[in-house]
Amino acid sequence: MINVSETRRITKGCPQGSCCGPGFWNVLYNSLLKLELTNHSQAIAFADDLIVLTRGDTVVEAENYMNIEMKIMEWATNRLMFR
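To convert, count from 1 in the sequence shown and add 565; that's the numbering used here.
Listed below are the simulated SDA-like cross-link pairs for lysine to any residue, each with C-alpha atoms no more than 25 Å apart in a straight line:
1) K599 / N632
2) K636 / T623
3) K599 / N643
4) K636 / R620
5) K636 / Q607
6) K599 / I609
Calculated directly from the structure, the hints in this document are not laboratory data.
With the sequences and hints as input, model every part of the structure.
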């Protein structure tokens, strides 16, 4: 198994959103962050970005775990304002 890790120091950034953005973000994204993922995956959200990290012993295994996590797509589809 190959273990890869990288650390970077963040020296600057820029907040995003509107005055009602944080409250709306909490209402919307809390349900996403409470989705039960496999123990091989983790969802991380910041501002209007989301990343799902998945690990496996092989690329195929990681891909299979990520396919399980695609329930996030169903979550997003059910919350679209314009369908």
